[in-house]
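What follows is the residue order along each chain.
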Amino acid sequence: MSEIKLENVSYVYSEDTPYEKRALTDVTATIKSGAITGIIGHTGSGKSTLVQMLNGLTRPMSGRVLLDGKDIWEDPKKISDVRFRVGLVMQYPEYQLFDETIRADIAFGPKNMGLDKEEIERRVLEAADFAGVDREWLDKSPFDLSGGQKRRAAIAGIIAMRPEILVLDEPAAGLDPAGRKNIMEGLCAYRDKTGSSVVIVSHSMEDMAQYCDDIIVISDGRVIAQGKKEEVFSQSDLLRSVGLDIPQITLVMRLLADNGINVNTGVYTVEDAVNEIYKLI
Amino acid sequence: MENEVFIKAENLSYAYEEDDGTPQKAVLRGVSLEIKKGEYVAILGHNGSGKSTFAKLLNMILVPDSGRLWVAGHELTSETFDEKELLEVRRKIGMVFQNPDNQLVATVVEEDVAFGPENIGVPSKEIRERVDKALETVGMTEYARHSPDRLSGGQKQRVAIAGIIAMMPECMVLDEATAMLDPVGRREVMDTVDRLRAEKGITVLNITHHMNEAVRADRVIVINDGKIYMDGTPDQVFARAKELEAVGLEVPQCTALIDALREKGVRIEGKSTTPEACADLLTRFLKKS
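Chains as they are written, first to last, in our numbering: chain R, 1 to 281; chain L, 1001 to 1289.
It is possible that part of the hints are untrue.
Only part of the chain R face toward chain L is listed, based on derived beta-carbon distances under 7 Å [stated by the list, open to error]:
hint, residue
1, G44
2, L66
3, A178
4, G195
5, N275
Source of the hints: derived by calculation from the structure; they are not laboratory data. Just so it is clear, CB atoms sit at the ideal spot from N, CA and C, and this is done for glycine as well.
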């Protein structure tokens, strides 16, 4: 499917004013095809600016964004094509629902793509399933749904465009554990069934460690680590120095190793930890 | 003083209304509980369980449909409860909400912290003292003259907390106050809460989705479907993993690890809700076997 490369991308807010803020500095990163990539970083590190680069919502001041090797800004008039291929779900997307019914809201993207009625309906149902939107809600008004339900409907609206790369900025923030799990598993299913790439920004190290293949770490607008999650989460001192952490379960394994127990500390899920410790008994 | 009741609820119910005034399904359905002065209580529940609604009843942002409620010796549901008492109750309960950007009002940190005490007519010399002390407690003294918009999320929440401390409340309610923060921001806020409790013995209610925060409280109350579903120490509540999962919650990863080992027939004794406790427990067990 598709791969995105950022090459020496920089961005400055309010340039040449007293409020100038360097959001991204010389960022080079790869979002691999078919992978689930997590982006982690402290608040204000530039994560949101970075994801807005991926679908051309924000244009780099210098550097290039390459979608399958092609600069997305080569012809700025064609940037809307990029937005159909790279779907971006922003933070708290539930505030962006606007149509009379959930069905109409999810159908908005596919309609704009010029798809026929049947295909739109097919896409709506498919997206609803991936995002955990109950089919019974489809004819309801967004006002009649809870916050968590609206969040899923908003995610479905982007999935309905069947993006080759699905980008989500904190999709599970503020949700209860069951709601988080439901959304994260839906995103994995979307990747597994369509082969699309998924990019997730999150503050939950536990979720990132469980669901992602690759991790990009950014701090003060710079990429300070990227690679397989195993490589990234093995650098706990680096992560802590930039306001992040390692998953709780990984910390347990490290404490065990510190106590002289011979365990593999490269463990990121409860399931793997159970197996690892069971071997020692 | 030790065992003085600070919050008492008797059979509280509340339903939000439709635009035309007809009541929706009740979000609180007969909640009764007592919280003692100085207690640190975590309140858990899935989205829509009624936990935030409960918090909003405590300082009368919302008024219960039925039941009785006492806060700091005032009965909020009494016929004679008046505006003067309401102000007093609001002074005694400080609330910290989810979005740090919605809570700061001034353009300079120390002015923001002074906003509350100014509004309740504290003499200006005393305001100065209160602001300095509050900023010191949350570890933000060096940012006193900074603009809040340049702060990180965790720092903003600490300023919001300082604004509340400067009102000298008896109780602080955190309503998902760490939901938008990064791991270090979360830790900063939770450490600040610990410090407040140690220094001022303040009563704390932390409404949260983070199980790792809930284990730091003395007591955990789980609300489900508008009713109290569990009430106990973190150890007691997190020992009931299946029941928690049934209502959309989970146990901390450390607890899940020990539970899973037991399920595989490993005879390991003891409780574990934090990484340190979990590692100790496992170390002792592994070295013995």
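Taking the hints in turn, this is what the structure says about them:
no., hint, result
1, G44, "holds, 6 Å"
2, L66, "violated, 29 Å"
3, A178, "holds, 3 Å"
4, G195, "violated, 30 Å"
5, N275, "violated, 9 Å"
Hints 2, 4 and 5, counting from the list given before, are not met by this structure.
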